[in-house]
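On the provided structure of chain A, position chain X as indicated by the hints.
Number of protein chains: 2
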Amino acid sequence: MGGGEKILVNAEHPCVCKTRRVGIVTAVQVLILGGDGYLGWPTALRFSARGHDVAIVDNFSRRYWHLQQSTDSLTPIASLEDRISAWQEHSGHRIRSFIGSVDEGDFLDRVVAEVLPDVVIHYAEQPSAPFSMKSRHHAVLTQKTNVIGTLNLMFAIREHVPDCHIVKLGTMGEYGTPNIDIEEGYIEIHHKGRSDVLPYPKLPGSLYHLSKVHDSHNLHFACRVWGLRATDLNQGVVYGIETDETALDPRLVTRFDYDEVFGTALNRFCVQAVIGHPITVYGEGGQTRGFLNIRDTLQCVEIAATHPAAPGEFRVFNQFTEQFSVLELAHLVQRCAREVGLEPTVRHYPNPRVEAEQHYYHAVNDKLLALGLEPHYLGDELIFSMLNVIRGYRDRISLGEVAPKTRWRPGELGAADEEDVPAGADAGAANGNGSPPRPGDDDMLGEETGAAV
Amino acid sequence: MGGGEKILVNAEHPCVCKTRRVGIVTAVQVLILGGDGYLGWPTALRFSARGHDVAIVDNFSRRYWHLQQSTDSLTPIASLEDRISAWQEHSGHRIRSFIGSVDEGDFLDRVVAEVLPDVVIHYAEQPSAPFSMKSRHHAVLTQKTNVIGTLNLMFAIREHVPDCHIVKLGTMGEYGTPNIDIEEGYIEIHHKGRSDVLPYPKLPGSLYHLSKVHDSHNLHFACRVWGLRATDLNQGVVYGIETDETALDPRLVTRFDYDEVFGTALNRFCVQAVIGHPITVYGEGGQTRGFLNIRDTLQCVEIAATHPAAPGEFRVFNQFTEQFSVLELAHLVQRCAREVGLEPTVRHYPNPRVEAEQHYYHAVNDKLLALGLEPHYLGDELIFSMLNVIRGYRDRISLGEVAPKTRWRPGELGAADEEDVPAGADAGAANGNGSPPRPGDDDMLGEETGAAV
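So the protein sequences, as listed, match chains A and X. Positions 1 to 453 (our numbering) are the ones given, in order, by the first sequence. Positions 454 to 906 (our numbering) are the ones given, in order, by the second sequence.
Among these hints, one or two may not hold up.
Derived SDA-like pairs: lysine to any residue, alpha-carbon spacing no greater than 20 Å straight-line [what the hints assert, rightly or not]:
(1) A:Lys367 / X:Lys645
(2) X:Lys597 / X:Ile552
(3) X:Lys645 / A:Asp181
(4) X:Lys597 / A:Ile187
(5) X:Lys597 / A:Asp109
(6) A:Lys144 / A:Phe107
(7) X:Lys820 / X:Ala763
(8) X:Lys597 / A:Thr145
(9) X:Lys820 / X:Pro652
(10) A:Lys367 / A:Tyr377
(11) X:Lys645 / A:Val197
(12) A:Lys144 / X:His590
(13) X:Lys645 / A:Ala363
(14) X:Lys645 / A:Thr145
(15) X:Lys645 / A:Ile187
(16) A:Lys192 / X:Ile633
(17) X:Lys820 / X:Glu775
(18) X:Lys597 / A:Ser135
(19) A:Lys367 / A:Pro250
(20) X:Lys645 / A:Trp65
(21) X:Lys820 / X:Val650
(22) A:Lys367 / A:Gly312
(23) X:Lys645 / A:His359
(24) A:Lys144 / A:Val197
(25) X:Lys597 / A:His137
(26) A:Lys192 / X:Asp649
(27) A:Lys367 / A:Gln323
(28) X:Lys820 / X:Val691
(29) A:Lys144 / X:Asp562
(30) A:Lys192 / X:His643
(31) A:Lys144 / X:Val650
(32) A:Lys144 / X:Lys597
(33) A:Lys192 / X:Val650
(34) A:Lys192 / X:Glu637
(35) A:Lys192 / X:His644
(36) A:Lys192 / X:Glu636
(37) X:Lys645 / A:Tyr186
(38) X:Lys645 / A:Gly193
(39) A:Lys144 / X:Leu594
If you're looking for bench data, these hints aren't it; they were derived computationally from the structure.
Pulled out of the complex, with its shape left as it was, chain A reads as follows (with noise of 0.2 Å):
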């Protein structure tokens, strides 16, 4: 990674380094912000698992939150220690732990310091979009998590190894719906007979979003001013339960969440398929994403970490692999889960959200697959397996968390958030006005009878 102390090895493999090679590749300092969330566990299990130097930091917000909100991951989870100990068991490598929040300066400082990383992957944020929407509360403790942590780190960086590249995890979502094509990152605008490569114009849909927009922001001026090297990940909805390592024993299986605050759409279809709720579609289902599968997360956070961004290079990927509606998807797993002797029903909920339910998306995705990104589509065989795996912790899916309820428009937070509405009697924010819903709206929001993908 520059200043000539580090070397590219290994075609399949390009891995730059520092310290001390181990096999084929040469090990390299990865710091892993919120190694022990959803994504972050498994990417230290990876990045051990091929030989590198692993210390993550977490502060076990996300196991805090659902406390909170009595809610729990799909999946038993061991504690942070017992997961280190059996991946210490199975690989011999130890992977070291600090304890404490990034939006706490002088912690991320010192771990840093001690670390001394040659790339840090930045998982460590507040996630969930309905999350944000809650309340002033958890507005703020959401944008002040992500963009101090944020500042924080570039700080730490600066300080102690500006050489060190950033591989930050940001989201499709900072783009909105735009009615033109999504680039990665710049757009070049054409305007009056001049022109310039500027960043590419957001349009966040939630708070959560807007604090994703708010470090891409931060971390470009690191770069522009500072010189820093980062890579910023936005990523699509991500899918999937297992990766080859978490699938190595019970005690590394990764979380899988499945409620209406930190479930993402086709793993929460999935679970309703199992259990006979009906799949929750918001509105008509027309919002298109990208999507992909947590291997894929693996594989492309392991290229960008391995093709390292220059220095003073701020460089966006859009990491998805394939585009898909909401409605498609409800679709595909309930036509699976019909092959699997399940019987789903698709609803049509009252959007929660303020988003546009019919809209031209279509975003560009062709940096990573340049670098070598080999992407797992999704197919039948991958619900079939996420049916099989969900139906073996049925017993573990409590019901109550699969309804929406928090929504995006003011006056309806409060109530909403607390009532437990039943699934399928989901009234209030219907026809994405804010108004209460009409006679009729039941009908046009209904369930589907037929059969379609």
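Quick look at chain X alone, frame taken from chain A:
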């Protein structure tokens, strides 16, 4: 301001009304956040003079930050209570004050609930680029105060007075210096055969300017998704000391900062000319920006407040009246100062900032002019007047406050921050690439001997 109960009155000062009629204008409830500041206090006086009910919020952070850095306003300013009493003597109007910080959500919520403003004018932010670049502490304080304060405001308005118009002070510095014309907040982009009108891309030049970019994105969201109404005033660099109301009584004068942290270009240049300090041009001085007279700031804010944005509208005005390069201003001050018997020199200092010193710059500023702004253009008379006022406070000027110290690049902050770099002997951070000054730099960045404009 919508809702049916308010009407427009008076063609000269068209003013929306709710509460009570006072003379020709109908009074509205005006809440000014940061109402003790350079612009906040004159704004409070102006709205009060027009007969509106004015309440202000301030936590005296600007006064406190000056205490911390042993600097002070050129003008001796009265305490807030004395200011308010003096204004009541002159006008008969009582300005209400609430002492507290906007980043304390419960406090701001209570104030908004009590005042029930028709319009909020939000100046309550850390406003200095150099301050934000001093250290991690300063950066975090800046983004926390500004971003969380604005978030708190959004929620308080949504909760208590969703029809209230938020007038937010932004900055032209959000845009940076792109190679295309700077439009007012939005730009129509044609791309791959499609087009959309999207937020104008931002390339801010400091962590302070970034905080304003974040605010703009957050407020835009509040308008798009909650239907709030806001006007973002992307203001240029303000100059000037007096307004009609502050000139009425010495107890009503507003602050005037000339130190390297809170002072702005033209104000600083005039102080430097008076005390015989070289005029501090950073680098080549080709940096071009929009500027405006403090009297025009008041005009613009009044125009925005009396022509509110529509519900759901996030309106952006570029608030400046003229563009100048830094060197043009230095030469203007030099020439005028010579005419009144001073002997100022213009000195090119190694640029402590990271910024282009020669660049394309053309920003649109049509919207406020279309609504009736009548600019006070910068001329010799204004400079003579400023020099005259400053001469009256000459014995209050501290030479040590004037030279630039805070640097944008890493590794140069601590030392430069503590050192009192003597004018004309400024070392470090030369030639804009973070390396120490080379032999010859002093010549290259030295004093100008010839007069010019």
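Hints, verified against the model:
1. About 18 Å separates the Cα atoms of A:Lys367 and X:Lys645, which keeps this hinted pair within 20 Å; it holds.
2. At most 20 Å may separate the alpha-carbon atoms for a hinted pair to count; X:Lys597 and X:Ile552 meet this at roughly 19 Å.
3. For a cut-off of 20 Å, the pair hint linking X:Lys645 to A:Asp181 stands: about 7 Å separates their Cα positions.
4. This hinted pair does not check out: X:Lys597 and A:Ile187 have alpha carbons roughly 30 Å apart, beyond 20 Å.
5. Taking the CA atoms of X:Lys597 and A:Asp109, the gap is about 19 Å. The hint holds against a cut of 20 Å.
6. Between A:Lys144 and A:Phe107 the alpha-carbon distance is near 16 Å, which keeps this suggested pair within the 20 Å criterion.
7. For the suggested pair X:Lys820 and X:Ala763, the alpha carbons sit about 15 Å apart, so the restraint of at most 20 Å is met.
8. A C-alpha spacing of about 10 Å is found between X:Lys597 and A:Thr145, which places the hinted pair at or below 20 Å, so the restraint holds.
9. Among the hinted pairs, X:Lys820 with X:Pro652 is consistent with the structure: their alpha-carbon atoms are about 16 Å apart, no more than 20 Å.
10. About 17 Å separates the Cα atoms of A:Lys367 and A:Tyr377, which keeps this hinted pair within 20 Å; it holds.
11. Of the pairs offered as hints, the one joining X:Lys645 and A:Val197 holds, with about 15 Å between alpha carbons and a cut-off of 20 Å not exceeded.
12. Straight-line distance between C-alpha atoms of A:Lys144 and X:His590 comes to about 14 Å, which keeps the hinted pair within the 20 Å bound.
13. This hinted pair checks out: X:Lys645 and A:Ala363 have alpha carbons roughly 12 Å apart, not beyond 20 Å.
14. At roughly 38 Å between alpha-carbon atoms, X:Lys645 and A:Thr145 are farther apart than 20 Å, so this suggested pair is violated.
15. Restraint check: the Cα-Cα separation between X:Lys645 and A:Ile187 comes to about 11 Å, which is no more than 20 Å; the hinted pair holds.
16. This hinted pair checks out: A:Lys192 and X:Ile633 have alpha carbons roughly 8 Å apart, not beyond 20 Å.
17. With a C-alpha separation of about 14 Å, the suggested pairing of X:Lys820 with X:Glu775 holds against the 20 Å cut-off.
18. Straight-line distance between C-alpha atoms of X:Lys597 and A:Ser135 comes to about 18 Å, which keeps the hinted pair within the 20 Å bound.
19. With a CA separation close to 35 Å, the supplied pair A:Lys367 and A:Pro250 exceeds the 20 Å bound.
20. For the hint linking X:Lys645 to A:Trp65, the alpha-carbon distance of about 43 Å lies beyond 20 Å, and the restraint is violated.
21. Note on X:Lys820 and X:Val650: the hinted pairing holds, with a Cα-Cα distance of about 17 Å set against a maximum of 20 Å.
22. Between A:Lys367 and A:Gly312 the alpha-carbon distance is near 19 Å, which keeps this suggested pair within the 20 Å criterion.
23. Straight-line distance between C-alpha atoms of X:Lys645 and A:His359 comes to about 17 Å, which keeps the hinted pair within the 20 Å bound.
24. Simply put, A:Lys144 and A:Val197 have alpha-carbon atoms about 30 Å apart, too far for the 20 Å limit, and the pair is violated.
25. Straight-line distance between C-alpha atoms of X:Lys597 and A:His137 comes to about 14 Å, which keeps the hinted pair within the 20 Å bound.
26. Using a Cα cut-off of 20 Å, the hinted pair A:Lys192 and X:Asp649 holds, with the two alpha carbons roughly 16 Å apart.
27. Restraint check for A:Lys367 and A:Gln323: the C-alpha separation of about 16 Å stays at or below 20 Å, so the hint holds.
28. A distance of roughly 18 Å separates the Cα atoms of X:Lys820 and X:Val691; the hinted pair therefore holds under the 20 Å criterion.
29. Simply put, A:Lys144 and X:Asp562 have alpha-carbon atoms about 19 Å apart, close enough for the 20 Å limit, and the pair holds.
30. For the hint linking A:Lys192 to X:His643, the alpha-carbon distance of about 12 Å falls within 20 Å, and the restraint holds.
31. Note on A:Lys144 and X:Val650: the hinted pairing is violated, with a Cα-Cα distance of about 30 Å set against a maximum of 20 Å.
32. Distance hint between A:Lys144 and X:Lys597 is fulfilled; the C-alpha atoms sit about 7 Å from each other, no more than 20 Å.
33. A hinted pair counts as satisfied when its Cα atoms are at most 20 Å apart, and A:Lys192 with X:Val650 qualifies at roughly 15 Å.
34. Of the supplied pair hints, the one linking A:Lys192 and X:Glu637 holds, its CA atoms being roughly 14 Å apart against a limit of 20 Å.
35. Note on A:Lys192 and X:His644: the hinted pairing holds, with a Cα-Cα distance of about 14 Å set against a maximum of 20 Å.
36. Restraint check for A:Lys192 and X:Glu636: satisfied, since their Cα atoms lie roughly 11 Å apart, inside the 20 Å limit.
37. Taking the CA atoms of X:Lys645 and A:Tyr186, the gap is about 14 Å. The hint holds against a cut of 20 Å.
38. Proposed proximity of X:Lys645 and A:Gly193 is supported: the alpha carbons are some 17 Å apart, at most 20 Å.
39. At roughly 11 Å between alpha-carbon atoms, A:Lys144 and X:Leu594 fall within 20 Å of each other, so this suggested pair holds.
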